[in-house]
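**Q** Chain by chain, the residues:
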Amino acid sequence: LGAGGLGGAGLVANFESLNPANTYWTKPYNVYSKVDSETERFLEFETWWGNPVLLNAGEMQWIADNLFVGNKLSTGEIRTSDGVRIDLRNIKSPIVCFCSWGDDITPPQQALDWILDLYDDVSEIVANGQTIIYSLHHSIGHLGIFVSGKVAAKEHREFVSCMEMIEATPPGLYEAVISDVGDETANRELVDGKYLFRLEPRTLDDIRAFGVNSPEDDKRCAAVARLSEINLGLYRTFAAPWIRASVTEPTAEAMRGLAPKPFALRDLLRPKSIHVDDQADGGAGSREPQAGQRRQSAARHGEGSLDPDHGRARELGPDSRQHDRGLLSHDLRITAFAGDGRSRRA
Amino acid sequence: MVGLGAPSDQTPRRTERDLVHEAAAAELRLGLDQKFEQGGVEEAVLRALIYVRRPDGGFDERGYRMLKNIREMRKSNERLSLLRFRQMLNEQLQLVVQDEERAITALPKLLQADESETTALDALHQLAGATGRLNAESERRLARVEKLFGAPPAKSRKANG
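Going line by line, the protein sequences match chains A and B. Going letter by letter, the first sequence gives residues -10 to 335 in my numbering. Going letter by letter, the second sequence gives residues 108 to 268 in my numbering.
Hints should not be assumed to be uniformly reliable.
Said to hold, decoys possible - Think about it this way: if two alpha-carbon atoms lie no more than 20 Å apart in a straight line, the pair counts; the simulated EDC-like pairs of lysine to aspartate or glutamate are:
| id | chain 1 | residue 1 | chain 2 | residue 2 |
| --- | --- | --- | --- | --- |
| 1 | A | 81 | B | 129 |
| 2 | A | 61 | A | 218 |
| 3 | B | 175 | A | 173 |
| 4 | A | 23 | A | 33 |
| 5 | A | 81 | B | 125 |
| 6 | B | 254 | B | 229 |
| 7 | A | 208 | A | 54 |
| 8 | B | 175 | A | 181 |
| 9 | B | 175 | B | 185 |
| 10 | A | 183 | A | 194 |
| 11 | A | 208 | B | 123 |
| 12 | B | 216 | B | 150 |
| 13 | A | 81 | A | 92 |
| 14 | A | 183 | A | 195 |
| 15 | B | 142 | B | 246 |
| 16 | B | 182 | B | 125 |
| 17 | A | 81 | B | 134 |
| 18 | B | 216 | B | 244 |
| 19 | A | 143 | A | 189 |
| 20 | B | 175 | A | 92 |
| 21 | A | 81 | A | 109 |
| 22 | A | 61 | B | 123 |
| 23 | A | 143 | A | 102 |
| 24 | A | 208 | A | 92 |
| 25 | A | 81 | B | 123 |
| 26 | A | 143 | A | 169 |
| 27 | A | 208 | A | 195 |
| 28 | B | 175 | A | 153 |
| 29 | A | 81 | B | 198 |
| 30 | B | 175 | B | 134 |
| 31 | A | 143 | A | 92 |
| 32 | A | 61 | B | 125 |
| 33 | A | 143 | A | 178 |
What the hints assert, rightly or not - Only part of the chain A face toward chain B is listed, based on derived beta-carbon distances under 10 Å:
| id | residue |
| --- | --- |
| 34 | 19 |
| 35 | 20 |
| 36 | 172 |
| 37 | 176 |
Honestly, the hints are just simulated from the structure, not real lab data. All values derive from a computational prediction rather than experimental measurement. Every residue, glycine too, gets a C-beta built ideally from N, C-alpha and C.
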């Protein structure tokens, strides 16, 4: 439908619908409650977030087929266009893997599962001469791991300042534990910054303990991947030629313009809304910080009473999607019907 | 209909084995066997440090900075490069992991014909103490290594933090 391109707006909208509590309440409330200090950060983020890059359709299809649905990278099933098999075990430099329990797209058990695809035991990692370091954040979201200022100030800074130590770390699997420096910390002069960067050796059982996919889960995922392949084949054969013939570059452009998120934001940033600026400027001078108690009660009201309702919607979100996948692939008849794509290639 | 038969009992998801990798790893293990008696004072200090700190497991930036400070104090032509250091650290770690007793009893051989035993011992003390107090097992191990380094036991030793 995009005439060979894929606007990211659909992806953005989908991402936001995963956590409606944040999208419709926490985020605007955060700006409202700190309107004098948050403006710049909010606009900067929303401008970046609301202007997705136009992806090449072929590129997106490849990513979805091989990485998201097929999950082929970590099992060495991907070959480059000139035939080189990509094997993550060949990476010689240390690998640093950031993940977070607050990440509902790639939680730690998914973010680290590739290590289990590659190795059965830490001794294999050592024999292969690879250094793998992971870091677990307890709350930050999927994108926050990379773009959050808080994470940049603590985790990123520590990793950068200790990069040389990471380079020198002998092969193995480690968890990076970043802790506050207190008065009781010995040899404080040797610590760079406010936090102490420590590497703890870990075993693969520590990763298994996060609750990774069982063989049955893998089978279900393989069935979904196969169904997706069949769907794609049917689509390419029967539907794609018609759609391609009926969509031109201008209609694609118009459709991208209709997508929910950029539409709203572009409207907001249009010069038309300048009169809002005037009013805001007028208000800024006369605004006074709320009295402590009132602000607290507002915060309680805002964060305490409304958020959980939306939070419930969030809990339903990813679960119901997983549930769909479970339903779809739970029935063995469907698995049999879809066949086993992998055995064909074997 | 379109599938290719019922799902067979396939092995769990796993990267295929790579014999080249495994051969290289085996070669590495073989080569290791000859390295217990090889090396000089740097190797000895690193090996002893790994041995002393091993019961504790983890390590942090303080140890590394201490190591760098010690490096800075040496003559510039005697300083190790990061790459060489990484290789050395890994090698010594593998030796200790493979056979702790053999690695430690070989220490005096590494220190032979080296004048700087006391400096080496000082460096070891600084490094071992960089992360604060040692636990009982590490203390015991440190005492044992001191004897091998030929120092009067527990005399020059002071808690380095």
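**Q** Looking back at the numbered hints, which does the structure fail to meet, lowest number first?
**A** Violated hints: 3, 10, 13, 14, 15, 16, 18, 20, 23, 24, 27, 30, 34, 35 and 36; rest satisfied.
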